[in-house]
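Participant: Sequence:
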Amino acid sequence: MNNYKKCITLFLKRFLLVVAIYQLSRLLFYFLNLNLFDSFTIQTFLGGLLFDFAAISYLNIPFIIAYIVPGNFKYSIRYQLILKISFYCVNLIFIATNFIDIIYYRFTGRRSTYKMITAKGMEHEVLGLIPSFLREFCYWHYFLNYKCIILEATT
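Going letter by letter, the sequence shown gives residues 2 to 156 in my numbering.
No lab work stands behind these hints: they were computed from the structure. These numbers come from a predicted model, not from an experiment. Heads up, a few of these hints could be off.
Here are the simulated distance ranges between beta carbons [unchecked claim]:
no., residue 1, residue 2, range
1, Val-70, Gln-44, 36 to 42 Å
2, Leu-93, Leu-47, 22 to 28 Å
3, Leu-11, Phe-54, 16 to 22 Å
4, Leu-35, Ala-56, 41 to 47 Å
5, Phe-32, Phe-54, 18 to 24 Å
6, Phe-41, Phe-74, 29 to 35 Å
7, Ile-66, Leu-35, 18 to 24 Å
8, Thr-98, Leu-17, 19 to 25 Å
9, Gln-44, Asn-3, 27 to 33 Å
10, Leu-13, Gly-72, 37 to 43 Å
11, Leu-35, Phe-95, 22 to 28 Å
Glycine included, C-beta positions come from ideal geometry on N, C-alpha and C.
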């Protein structure tokens with residue numbers, strides 16, 4: 002039973018870390034686009050927190066199942082390593098989309114959505130947009146600022 006509690010605690014720590022990173026991303030999005038918003042209330046922030054919590058929960062359903070499924074196999078080092086790597090890879094992909102939105106919002110006035118990305122004419126451009134975004138030198142400071150915030154929060 003002690004190992005089971007450790008597995009659940011480990012997942013909760015990882016999950017809460019992802020929630021915290023999403024909230025940092027939300028704050029970074031707001032402060033870097035401050036001139037585009039009229040007002041900001043705590044109610045707006047709490048609504049965003051609730052949305053992020055639900056989205057992260059849906060995204061991580063396979064990991065929730067992988068952590069709570071019974072069996073001694075889940076205590077093996079290999080299983081835990083695979084879970085850790087896949088958890089962070091999946092979540093980092095979705096966190097990276099927040100970086101794109103920080104700049105993208107300035108041009109469109111709205112956050113990117115699946116419907117917007119898969120719109121007629123955009124289906125072939127999506128994979129080209131990410132590398133071109135990363136190549137643009139003027140946007141690198143957003144990534145560096147965000148990475149510094151994450152490093153300070155985790156140390």
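Participant: If a hint holds in the structure, say so; if it doesn't, say that too.
Facilitator: We went through each hint and held it up to the structure:
Between Val-70 and Gln-44 the Cβ separation comes to about 38 Å, which falls inside the hinted range of 36 to 42 Å. As the Cβ distance of Leu-93 to Leu-47 is approximately 25 Å, the hint placing it in 22 to 28 Å holds. Between Leu-11 and Phe-54 the CB atoms are about 19 Å apart, so this pair conforms to the stated range of 16 to 22 Å. For the hinted restraint 41 to 47 Å between Leu-35 and Ala-56, the CB-CB distance of approximately 24 Å leaves it violated.
Taking 18 to 24 Å as the suggested C-beta distance range, the pair Phe-32 and Phe-54 conforms, at roughly 21 Å. In this structure, Phe-41 and Phe-74 break the distance hint of 29 to 35 Å, their C-beta atoms being roughly 47 Å apart. Distance hint check for Ile-66 and Leu-35: the Cβ-Cβ separation is about 40 Å, which falls outside the suggested range of 18 to 24 Å. Checked against the given bound of 19 to 25 Å, the beta carbons of Thr-98 and Leu-17, roughly 20 Å apart, stay inside it.
Gln-44 and Asn-3 have their C-beta atoms about 41 Å apart, which leaves the hinted 27 to 33 Å range violated. Evaluation of the 37 to 43 Å hint for Leu-13 and Gly-72 yields a failure: the beta carbon distance comes to about 20 Å. At roughly 24 Å, the beta-carbon separation of Leu-35 and Phe-95 lies within the given 22 to 28 Å, and the hint holds.
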